[in-house]
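S.K.: What follows is the residue order along each chain.
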Amino acid sequence: MGVLWKIALRNVLRHGKRTAITGIVMMVGIGLFIAYDSILAGMDRISIDTMIDYSSSYLKVRTPGYVADAMGLPLDKGIADPEAVMAAILKADPGVSAVAPRTLFLVQASNYIDSSPQMAAAVDPLRDREVFKVASDVHEGSWLRPTADREAVVAMSVARDLGLKLGDSILLSARTIYDNDNADEFLIVGLIDNTAGLSGTGSIYLSYPAARALLGEGLPVTEIDAAAPRAASLDAELAGSAKAASLLAAALPALTSQPIGEFAKDYLALRESKSKGSFMLIVMILLIAAVGIVNTILMSVYSRVREIGVLRAYGMTAADVKKLFVREGLITGAAGSAAGLVLGGLLVWYMASAGLSISGLFGNLDLGAIPVNAVLRGEWKPGSFVTGFAFGLLVSWLAARIPAKRAARMQPTDALRFV
Amino acid sequence: MNRIVTMMLTLVIAVVTLPVAGQASGFPLAADILSQLDANSSFKTIRYSGRMEITIGGETRIKEMKAVAMGSDKALIEFTNPEDRGIRYLKLARELWMYFPKEDDTVKISGHLLKEGMMGSDVSYEDALESSDYRLRYRAEVKGSEEVEGRKAWIVELSAKAPTAPYDRLIMWIDAERWVTLKEEMYARSGRLLKTSKTLEARKVGSRWFASSIVMESKLRKDTKTAFVMKDLELDLVLDAGQFTMAALTK
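Chains A and B supply the protein sequences, listed in that same order.
For the first sequence, our numbering assigns the number 1 to the initial residue and increments by one for each residue that follows.
For the second sequence, our numbering assigns the number 1 to the initial residue and increments by one for each residue that follows.
I should point out that these hints are in silico values taken from the structure, not numbers from a laboratory.
In this text the structure is predicted, and so the values were computed from the model without any measurement.
Treat the hints loosely; a few may be bogus.
What the hints assert, rightly or not - With a cut-off of at most 25 Å between alpha-carbon atoms, the simulated BS3-like pairs for lysine-lysine come out as follows:
1) K251(B) with K204(B)
2) K276(A) with K265(A)
3) K17(A) with K405(A)
4) K165(A) with K198(B)
5) K77(A) with K198(B)
6) K44(B) with K143(B)
7) K108(B) with K143(B)
8) K165(A) with K204(B)
9) K108(B) with K152(B)
Said to hold, decoys possible - Residues from chain A that face chain B, not an exhaustive set, calculated with beta carbons under 10 Å:
10) S142
11) R145
12) P146
13) I177
14) D181
15) E185
Claimed, not checked - Here are a few chain B residues that sit away from chain A, every Cβ distance over 10 Å (derived from the structure):
16) F43
17) L136
18) A165
19) P166
20) D168
21) R178
22) L194
23) K198
24) E217
25) L220
26) D223
27) A241
Ideal Cβ placement from N, Cα and C applies to all residues, glycine included.
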């Protein structure tokens, strides 16, 4: 280690209190940055995971005609041979772990007194639970039985609005595949407590036999949804889904394969602007830390003017004095940044392992795509550790240059006479 | 051999005498009733001023409109009640556009909404604008006769010939003299009663009687009904096809 580094380190240790204050400011700033970035990544992950687990799935395959008119939920643009398509998906991409058919349609849900329009889904109860999490969100009662043709699983909010409970019958009316109306009663066998998760996919679930009894025997499968094991990061998830979609585009050229990224593009665009906002917040935190460093080193300069005079009198050049004070700043910054990494790491470890309850944080506030009953978990982002440390060093270096320049400008005779 | 001949003779006699038996019971043939009904209720063009009283849960909303339609493919409705004044609907084949004058905006609506209740009512766009053709879509059977509001009516049960018919089963009480539906029950494929309608007034338009005031009730929701009255009713008049265009919708 050079002489200047040794002197700088000794000076930093000699002014322990000042160093500790600056280091703590940096530690808190960088630690919060890492934790905040982890929470933001966790929010992104939980939003996209909710889409994957409840509505969009990892990958969706539909006919081009259906995709073009998807808002109208057309029942005449289904997949001709869904079993063959499901087999082809599993064969084309070994990364896909499960597939399930679904058909979305509109119903009027009624208790004979009030009615409300709802989106419903015809599902294969066994396959659906391999791809989606709706079955595991049944709060009361049970999930659908594959062959039951008069059973429905209903969102609790819909049942509550209609004054219905488990075991009651719900009257569903809908436009059939023959373009006329049909209506029938279905026994509520399960209630789901997850309003956010169901917002994009429906609040009433029927097995295919039940849906076909209501909508017509020829009710087609309009989408095949695929699942894959959860990736380590959101970026890996998005990239994996996009790759799977391109593989399927080659294997199933007559159908449209859409990765989760296509359904989440609005959210991902929002995430981009959100990350710019969070970056500004981080800059503010680190600027506060930078002010602390400038202040610490300036105080160090003024309290050691005579010492600077002695060093200059012994032959130290102005450049050496500047280097000395810059190194003091860098040592303080490195120590504070390293402490920040430790603090950030501890916070992320806690949030990633224990998680934060959404309802505990926000009560029953509607958070759009994030389910109220979910647990928000921090994401490990090595990039934010590197950024935090590098930013801390950079700010320390820049902040130390101002007082270092001032110290270097002092003449030895003036410094020695300084009282 | 003799047994086969006997069976064939029995079958021929049954086929020949079945319509006679129907008439012998005093009922006209169901096919004749439907022909008379279709002759009265079908039209090539229609124009009227309409008024809907939509009652939902004890609350009544009034909608007034001017409607004009040509065949089953072209129709234009303009609402004239103060809240919706200037809102226009244009139906071209299976597509429906809505024009909102305050926003000067046109919105295209999915075709399946043509089957939905107009402005939240129990009357669909098809009910309000399209000609019916019962003989084409239903098999009919006369079930008896009954007095409805002092008028003799044939009770006719209609079963859909194909699953694409608007309703799976209809029971109609058809005026025995004026060949207008006095009462109707519409059933779904599940057998459940979906709607009922009742004719409050029938008017003579030219040489035919036409139901000009009806009340429809949804049986899937309590306390819901729509009274629909057609005034200044004109049928099979000559219409300018130019009024069924996007330019006319937004003028």
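S.K.: Look at each hint and say if it fits the structure.
M.R.: Status of each hint after checking the structure:
Among the hinted pairs, K251(B) with K204(B) is inconsistent with the structure: their alpha-carbon atoms are about 34 Å apart, more than 25 Å. The straight-line distance between the Cα atoms of K276(A) and K265(A) is roughly 17 Å, inside the 25 Å bound, and the hint therefore holds. Our distance criterion of 25 Å between C-alpha atoms is met by K17(A) and K405(A), whose separation comes to about 23 Å. As the CA atoms of K165(A) and K198(B) are separated by approximately 35 Å, the hinted pair breaks the 25 Å bound.
Restraint check for K77(A) and K198(B): not satisfied, since their Cα atoms lie roughly 37 Å apart, outside the 25 Å limit. For the hint linking K44(B) to K143(B), the alpha-carbon distance of about 31 Å lies beyond 25 Å, and the restraint is violated. Between K108(B) and K143(B) the CA atoms are separated by roughly 44 Å; this puts the pair beyond 25 Å, and the hint is violated. A C-alpha spacing of about 52 Å is found between K165(A) and K204(B), which places the hinted pair above 25 Å, so the restraint is violated.
For the hint linking K108(B) to K152(B), the alpha-carbon distance of about 45 Å lies beyond 25 Å, and the restraint is violated. The closest approach between the C-beta of S142(A) and any C-beta of chain B is roughly 24 Å, which is over the 10 Å cut-off, so the hint fails. Evaluation of the R145(A) hint against chain B yields a violated restraint, the C-beta minimum of about 20 Å exceeding 10 Å. For P146(A), the interface hint is violated, the least distance from its beta-carbon to any beta-carbon of chain B being 21 Å, above 10 Å.
Because the smallest distance between the Cβ of I177(A) and any Cβ of chain B comes to about 8 Å, under 10 Å, the interface hint for this residue holds. Annotation: D181(A) was flagged as interfacial toward chain B, and the flag holds, the nearest CB pair being 6 Å apart, inside 10 Å. Evaluation of the E185(A) hint against chain B yields a held restraint, the C-beta minimum of about 8 Å falling below 10 Å. Every CB of chain A is more than 10 Å from the CB of F43(B) (nearest about 22 Å), matching its label as outside the interface.
Its beta-carbon lying about 15 Å from the closest one in chain A, L136(B) satisfies the requirement of being farther than 10 Å from that chain. The Cβ of A165(B) sits about 7 Å from the closest Cβ of chain A, inside the 10 Å cut-off, so the non-interface label is violated. Here P166(B) does not stay apart from chain A, with its beta-carbon only about 5 Å from theirs, under the 10 Å limit. Not every CB of chain A is more than 10 Å from the CB of D168(B) (nearest about 8 Å), against its label as outside the interface.
Annotated as non-interface, R178(B) keeps its C-beta farther than 10 Å from every C-beta of chain A; the closest such distance is 28 Å. A Cβ of chain A approaches the Cβ of L194(B) within 10 Å, the least distance being about 6 Å, so the stated non-interface status is violated. Here K198(B) stays apart from chain A, with its beta-carbon at least about 19 Å from theirs, past the 10 Å limit. Every CB of chain A lies more than 10 Å from the CB of E217(B), the least distance being 13 Å, so the non-interface label holds.
A beta-carbon of chain A comes within 10 Å of the beta-carbon of L220(B); the shortest separation is about 5 Å. The Cβ of D223(B) sits about 8 Å from the closest Cβ of chain A, inside the 10 Å cut-off, so the non-interface label is violated. Even its closest Cβ contact with chain A, about 26 Å, leaves A241(B) beyond 10 Å, as expected for a residue assigned away from the interface.
Violation of the numbered hints given earlier is confined to hints 1, 4, 5, 6, 7, 8, 9, 10, 11, 12, 18, 19, 20, 22, 25, 26; the remaining hints are satisfied by the structure.
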